[in-house]
Structure formats: structure tokens, C-alpha cells
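Below are the chains, spelled out letter by letter.
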Amino acid sequence: MKPTLEMYLILSAVIFAIGVTGVLTRRNALIIFMSVELMLNAANLTLVAYSRFLPDVSGQIFVFFVMAVAAAEVAVGLAIIVAVFRQKESVDIDKVNLMKW
Amino acid sequence: MELTLFILVALAAVTSALLVVIGKNPVYSVLFLVSAFFCLAILYVMLGAPFVAALQVIVYAGAIMVLFLFVVMLLNLRDAQSWDVTGSMRRWIGFATAGAVLLVALAAVRGVFDPGASLRPEMGNAESIGSALFTRFLLPFEVASILLLTAIIGVVTLLKRDNAKSQAKGGEA
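Note that the protein sequences, when read in sequence, are chains C and H. For the first sequence, position 38 (counting from the first letter as 1) is numbered 299 according to my numbering, and the numbering increases by one without interruption. For the second sequence, position 62 (counting from the first letter as 1) is numbered 101 according to my numbering, and the numbering increases by one without interruption.
What the hints contain is simulated information worked out from the structure, not anything from laboratory work. Quick reminder that beta carbons are idealized off the backbone N, C-alpha and C, glycines included. Be aware that one or more of the hints could be misleading.
Just the calculated beta-carbon pair ranges, DEER-fashion [claimed, not checked]:
(1) A147(H) to D353(C): 32 to 38 Å
(2) D355(C) to T43(H): 42 to 48 Å
(3) E41(H) to D317(C): 45 to 51 Å
(4) K263(C) to L187(H): 45 to 51 Å
(5) V53(H) to L359(C): 34 to 40 Å
(6) D353(C) to P179(H): 34 to 40 Å
Construct all of the structure, not just a fragment, from the sequences and the given hints.
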């Protein structure tokens with residue numbers, strides 16, 4: 262027996278929910294970032310699964326673009342974290358309330 | 040047979056993802072995230088997308104995670120290694136929201152229409168992806184290159200030190 266589309270989508274939903282949990286419950290900015298990466302990958306899994314079952318190559322192309330955006334996002338995000346760390350000596354997001362009114 | 044492999048890989052992926060989120064030490068979180076990405080790469084191969092799987096290993100598990108690891112090592116986070124979840128109420132709101140997201144996603148996915156197409160192995164190779172990328176998706180491809188260039192310039196400007204400032208500080212940190 263082969264795994265169905267539904268199984269891949271359920272796995273993707275579970276990984277996405279784990280990522281949401283990480284973003285909402287952790288305070289370490291690096292871990293929050295990794296959770297965002299988990300969510301992006303869950304979305305990628307959905308795209309590849311649909312690409313295989315439809316079948317249409319566009320889903321895999323889209324994954325390619327998601328990876329390009331993720332690379333840019335990680336570079337800029339980590340740069341911001343390093344810049345904040347230089348100022349605050351911490352990556353605790355509760356201590357980074359520069360933009361809080 | 041394929042189903043057994045899928046279940047094993049899926050369990051490994053979910054376990055790694057959980058360990059990323061509940062891990063105390065960011066270095067371990069990075070390593071478990073790499074393992075989760077490898078599990079997803081195996082799934083991509085099973086889905087007939089070997090090119091995406093190779094990208095996943097090279098770009099994600101290779102380049103992006105090395106960047107993460109580099110920053111984790113660069114920032115000396117010895118004091119931040121304790122379990123740093125948010126306060127009790129915010130934590131439970133976070134769990135509840137994530138649970139709600141999971142429920143909604145599972146409800147949407149349940150009984151999804153399966154077109155049931157047979158696997159087309161020639162669809163996921165580098166040739167077909169490349170030809171689609173350079174014909175139908177040429178404009179997005181070029182825009183992605185501009186995006187990456189912008190990101191490079193942005194990172195350099197963000198982290199560039201003001202010479203006068205760093206001299207005043209005595210070159211510390």
C-alpha cells in the first residue's frame with residue numbers, strides 16, 4: 262500500500278502546528294526563527310505532495326521560490342538578531358521591545 | 040512497504056520537529072532541525088521530486104542551517120540555555136492557538152479529493168524543472184535573484200559597524 266495525499270497533508274499540518282507552538286511559546290529569537298523554518302517546510306511538503314498527485318510541475322517550482330525567499334529571510338533575520346544582540350546582549354524577545362509604544 | 044517507510048520517516052520528522060521546539064540548547068535545536076529537513080528530503084524523493092530533495096539537502100540542510108549554526112555559535116548564549124518559555128498564561132494561549140490551527144488544518148485536509156494520478160518520475164528531474172523555470176517562470180526567477188541581492192546588501196548594511204562609533208567603544212564586543 263502506498264501513502265495517500267491525505268497522509269502527506271496530515272503530516273504537513275502536524276509539522277506546521279509544531280512550528281506555531283514554537284513561535285508562540287518560546288522566547289529565544291533563534292528558536293522562534295527555526296520554528297518559522299519548520300512552518301515553511303510544512304508548506305513545501307504540501308506543495309510537493311500536490312505536485313505529485315495532480316500531477317503538475319508548478320508545485321515544485323514554487324518550492325524553489327519558497328527556498329529562495331527563506332534563504333533571504335534567514336539572512337536578514339539573523340542579521341537583525343545579531344544587531345540586536347550587540348545592543349542588548351540578549352536574544353530574549355521579551356527584552357527587545359524597541360518598537361513597543 | 041512504501042507505507043512503512045512513510046510512517047517511519049514521518050515519525051522521525053515529527054519527533055525532530057518537536058525536539059527543535061522543546062530543546063533547551065539552541066545548538067541541539069539546529070541539529071534536530073537539520074534532521075527534520077533530511078526526513079522531508081526523503082519524503083520528497085518518495086514523492087518523485089529528486090531535484091527538490093537535492094535542493095532541500097544542499098540549500099536548507101547545508102547552507103541555511105550552517106548560517107543558523109554559525110550565528111548560534113557567534114552569540115554566546117550560555118545564560119540563555121535554560122528553558123525559556125514565555126509566562127504561564129501566554130504559554131497556554133500559545134498551545135491553545137497551535138492546537139486550534141492543527142484542528143482547522145486537519146478538518147480541511149480530511150477526506151481531501153485525491154486525483155490519484157500515477158507517479159511520473161520524469162516530472163521531478165532537473166531537466167523538467169529547469170525548462171519550466173526558464174520558460175514559464177522566467178520573470179519570477181529573475182525577481183528572486185533581485186530579492187537575494189537585496190538581502191545580501193541589507194545584511195551587509197545592517198551589520199556594518201560605524202568606524203567612529205566602534206573606535207569610541209574601544210572595539211569591544
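Hints broken by the structure, by number, lowest first? Hints 3, 4 contradicted; others consistent.
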